[in-house]
Each structure stands twice: as C-alpha cells, then as structure tokens.
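Residues per chain, in single letters:
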Amino acid sequence: MRVSLQEIEPGMRLSKPVLNQQGSLLLKEGEMITPQHLMLFKTWGVGQFEVEGEEKEIEKEIEKEREDETIFSLSGGGEIMEEIKRVAKKLRATSREE
Amino acid sequence: MNESQLKGIIEKTGDLPTLPVIYHKVKELVDNPQTSASDLGRVITQDQVLTTKLLRLVNSSFYGFPQRITTVNRAIAIIGFKALKAMVLATSILKVFSLEEDDGFQGEKFWQHSIGCAVGAKIIGKYVKYEEPDELFVAGLIHDIGKVVEYVAFGAELKEILKITEREGIFIREAENRVLGADHAQIGSLFIRKWKLPPELVDPVTYHHSPQEVKGFPKEVEIIHLSDILIKALGLGWTGDYKVPPLDLVGWDNLGLGKGAIEPIMEEMEEGFWDGISILKE
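Protein sequence lines, in the order shown, are assigned to chains Z and D. The numbering used here puts the first residue of the first sequence at 23, with every later residue one more than the last. The numbering used here puts the first residue of the second sequence at 10, with every later residue one more than the last.
Note that these hints are calculated values from the structure, not bench results. The structure presented is a predicted model; accordingly, all values stated were derived computationally and were not measured. The beta carbon of each residue, even a glycine, is placed where N, CA and C say it ideally should be. Hints should not be assumed to be uniformly reliable.
One-sided excerpt, in silico: chain Z residues whose CB lies under 7 Å from chain D [stated by the list, open to error]:
hint	residue
1	F94
2	S97
3	G98
4	I102
5	L113
Chain D extracted, bound-state conformation:
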C-alpha cells in the first residue's frame, strides 16, 4: 500500500461511526475501582436493548445457572465488570454497524461469522486457560472489521473484490490487495485505532492472517487466527472468503493444545454459535 492510498483510506474512514456514549460511560465506571454493581446497573437499565441482551447472556448456556436471573444488578454481579464491559462493546459495535443485505455482501451472515469467531475464541481461551476470555470474545467479533470499513467506504471496490475472489477461487485478501492495495486486516487496523482499544483487541485485527509477523507471540492473535479457521471450516456464517486459510503452526504449538482438543472445541463452537447469535440479535 503506498502513502496516498493509505491516506485516502484514513480520510474516508472519517465518515465511519464512532462508539456510542453508553460504551464510554460503562468503560469509565468499570475502570473506576469505586464503582458498584448498582452504579453500573443504573446505566445499563437506561438502555432497553442492552438490558435484554445482558439478561439473555446471563441466562444462556454460557453461564448455565439453574434458576432464571431476572434483575440487572444480579446479572452484573454474576458475569463481572470486565465481561459486562466486553458485552457492552460487542453490542455497541453490532449496533453502529448494523449492515443491510447488499448484492454480494451478506451483512447478516457476515456478523454471524464474527459472532462465531467470537464464541470460538472464548472457547479456545477456556482450553488454554486465558485470563480474560470475554476480551477474546470482543477480539473475535471485531477481527474482520476491515471488511465493514470496505463495505461502508469502498462499496464499488468491495463488489469487485467479492467477484474476483469467487471467480478466481483465491483468498479475499489477495483480491483486496489487487483492488485496494491493502487487505481488510490493514484497513481494519487503521480504522480501529480511532477507538483507542487495548493492544489485546487491536493486534488480532491486524495480524489474524499473519500471526508470524506480530512480535512477542501474543496468545490473543493466535487464538483469533485459530478460531477464524475453525469457524470457516465449520461453514458457519459468511466472510466473502470461500476457502479455509492455512494454520500457522508456530502459533498452534505456542497455544500448547493437543490434536485431541480440536474435536471438542469445534463441537462446542457449533453449539455456542447459535447461542451467541440468539443472545446478540436485536
């Protein structure tokens, strides 16, 4: 990608939506050690959609409580502040980027892929004993945000990219490079910087197709890389890619999972996929 192309992309992404106020409010509260569950509850209950999704989440198979949780304060106490922040971020992203079905770009199924990758990342996180599995969920949800940027800022080019990808049977990033001079990982990475998210969330966006390029082998990148491959292999959702990418073996070894873990992880992913969609849907 040359400099003027890069600049053009950043200028165009200036029109893209920013995260809603409620996310910043929740973030501020969660980052403050003085905050109580009821402080957060007051903010959450102002938003009907968030309240519904929070209660759906806490009553889903991901938490598996025998009795129904019906109050927001109890739900927050159960899932914890960090998971709440992640959930609000996830919901905010889905809200500001609710995509129309376009000819070529399958908006709804695109988010299904992202939710599937998010669910998978959380499941893999559990297997590798990652400390913040809910952060992985958000990383999975936003890993392909560059494609959304393309959809919003480069509609005509994206149509061309999708045609080339299908016609030539190549990876979408090759077609993106040909048409835009950059791929969705680079574009997403440029865009996401505006949101001032931590590196655990930005790195997977930038490196999910090239985990060998990131310094220090962060686990988040390898987990999203693997989850993306597994959800594509399961054929769930839509990405504009018709091929499963190769697995980075250094990253795989680094995760310390055995071959035997693949089957239970994929089984849990298939099940969790539908739960994830029903929690996050409007």
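Extracted from the complex, chain Z is given alone in its bound form:
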C-alpha cells in the first residue's frame, strides 16, 4: 500500500525501494523502517512510500465493511430482504472475527 511521509512509521516494511528525487537508491525493498530512516526521508524530501504490513489488513477490513453496505444497494426493501440483510451482516461479522 502507498503511504505518505506523515503516515509511514518505524516497523513498516518497504514493498518497493525508496529513491531520492535524483533517482538514487536510498533504501532497498524489504527493508524495515527505523526512526533514522524517517529523518533521512525528510532530509531528502521523499513523500511517497510503498509498504507492506498489517495496515493492509485494516484496509481489507474497511473494504469488507463497505461491501456489506453496497452489495444490497440493488436488492430492494421489504420485510424479508431486511431480515436477510440483518442475518447476513451478523454472520459475515462473526466469520470475520474467527
């Protein structure tokens, strides 16, 4: 996922190398970010990073939540459909926790 200089934190791992504005390599793909690196990025004026890590999971989670809402956008209303929605949300939420 792409993060900005404000969002990048020590402990995140790079999924793409970091280059400075001249295109020279500052840090290789796969490296773990340290507080020292953050200073370096500020100095070199790098603003965007590609990182892996648990943030991705959070994004997936948000995606799932949104899916819960949007999959029913064309299913119409009515008492039975409301019940289907209620049960589906309940079961989808519990299967996510497992």
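Chain D: place on chain Z using the hints.
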C-alpha cells in the same frame, strides 16, 4: 437476443464438453427397477474420484452417522439411488468444467458459489418438505452454467462483461445483455438442453433470475432463486455479480416459509458451504 446471435451461441456451444460415460451408465442403472446396490457399486468403484467423494459425502455432516461408512455398497444403500445419481451428475459437471483461474474470472470461487447455492437449495428443500432434495442440489450446482458457457465460448466478451459489471455497479445480466444480447440464464438454458435433463433441473437454470416468468410456479425455481440470493448475501464464493438481486415476493409466499426461517437457513448454509466444498473437491 436476435435469431443470428442465438444461432451463433448454439453453434459455439457445440465445442463444449458433454457429460461423461459414467453418468449415463449410472442413470441407466438407476432408472431400471431391477438394479441392486451392488450393481451400482460395481460401476462406482471403477472410478476412484467418485468412490472417494461418495464416501466423503456419506460420512459428512449431511448424513451424520455415528460410525464411519467404509464400503461403497453400504454408502449407496444409505444415500439411496436418486441421491447417488445426483451426486454422480454433480461430480461429472465439476469434472468436465474444471475451470482455470483467469484474469477476471475466478473459476474456483465460481464453483464455490455454485456449491453454496446447491447446499442452500437442499437446506431450503428440507424446510419446505420438497420430495427430492438431492435434485435441488444439482439444480443449484448448475444454475449459473451459462457463465461457464460464456467462459468457454465467449472469453473476450466475458472479460468485457465483468469489467462493465464492476465499473458500473450493475447486475452481470445487464452487462451480458449489452455485450452478448443475452444473459447467462438464457445461454445456460440453451446449452443445458443438450444434456436432456428433466425440467426440474432445466427450469431453475432458465428462470432463477425471473421466477415470475415460469408457468405453474415450480418450487425448484423459487428455491434456487432464494438460495442464490442467500449465498450472495453471505458473501460466499464469486459470481461476477457484486450485488444481491431482489427477492421475488410471489415466489417467497409460495414457498410458505415464515420470516423466522431465514436465520436458521442461513446459519445452516454457512456451515454446509464448507462441508460441500470439502466433499466435492478433488
């Protein structure tokens, strides 16, 4: 759909696979009143994959026997001839249409949706006291066969259909109509005729999105329509559709289920979904 498009589809589906010999053998035996369990057993044991799946099925939570069933003849005696025929048909379909993961078309998850719909249909069948629940299982498994036909015969068009569906947030059948001039229900219905299956299996393929159009309100159509909606609502499997279709209320009333049945049915479906997949997987 105009006539030349229709013709084109039928011609193209000429290249699609037919059902394997073993299905026809089993069908012939089951339809013959003289047949015994060991006659069928002899045919089944020739096929290692079928034997494994049959034993997995009879030992699954769907039957729930306390002790393990280890012989084919005993398994056949337990599940019955009709269920056996349905199982052989289900396995044959999955075998002849084993789908590769393609960019856009998620073959494995597509079958998961179909298996989920099949499991759901059988569960709903139990709630409405339908006489042949195993037939419902097969109907659920093949209800979206038109999408498989599209995958095999209209690869490029299907990619376009999937893109339009996702981009515009519409139902896949609208995109299918736009690109192919027909939807997967129509295409599946045309194709499935070649298999000479009974109307209980063909009607759900044709009408699972339009149960109001079928004459005589056959329960099978309404059950598959409902099961398809429920499995989509549970978010299990993949269909190329990102939206849950509306429920046909006339069909719902006709099934005679109360609102209170939704929760236990969906709970059983979620559980049965994983059992169904583990029974039918290779």
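Subject >> Proposed interface contact between G98 of chain Z and chain D, which counts if any beta carbon pair is under 7 Å >> reply: Check passed: Cβ of G98 of chain Z comes within 4 Å of chain D, closer than 7 Å.
**OP:** Closer than 7 Å between Cβ atoms is the bar; does S97 of chain Z clear it against chain D? Give me holds or violated.
**Re:** Holds - the Cβ of S97 of chain Z comes within 7 Å of chain D, reaching about 4 Å at its closest.
Subject >> Status of the L113 of chain Z interface restraint (C-beta, 7 Å, chain D) >> reply: holds, 6 Å
Subject >> F94 of chain Z as an interface hint toward chain D, with CB separation required under 7 Å >> reply: At about 5 Å, which falls below the 7 Å cut-off, the nearest Cβ of chain D leaves the hint on F94 of chain Z intact, so it holds.
Original post:
Can we keep the I102 of chain Z interface hint, with Cβ of chain D closer than 7 Å?
Top reply: Since the shortest Cβ distance to chain D is 6 Å, the answer is holds.
Hint check: no violations occur; every hint is consistent with the structure.
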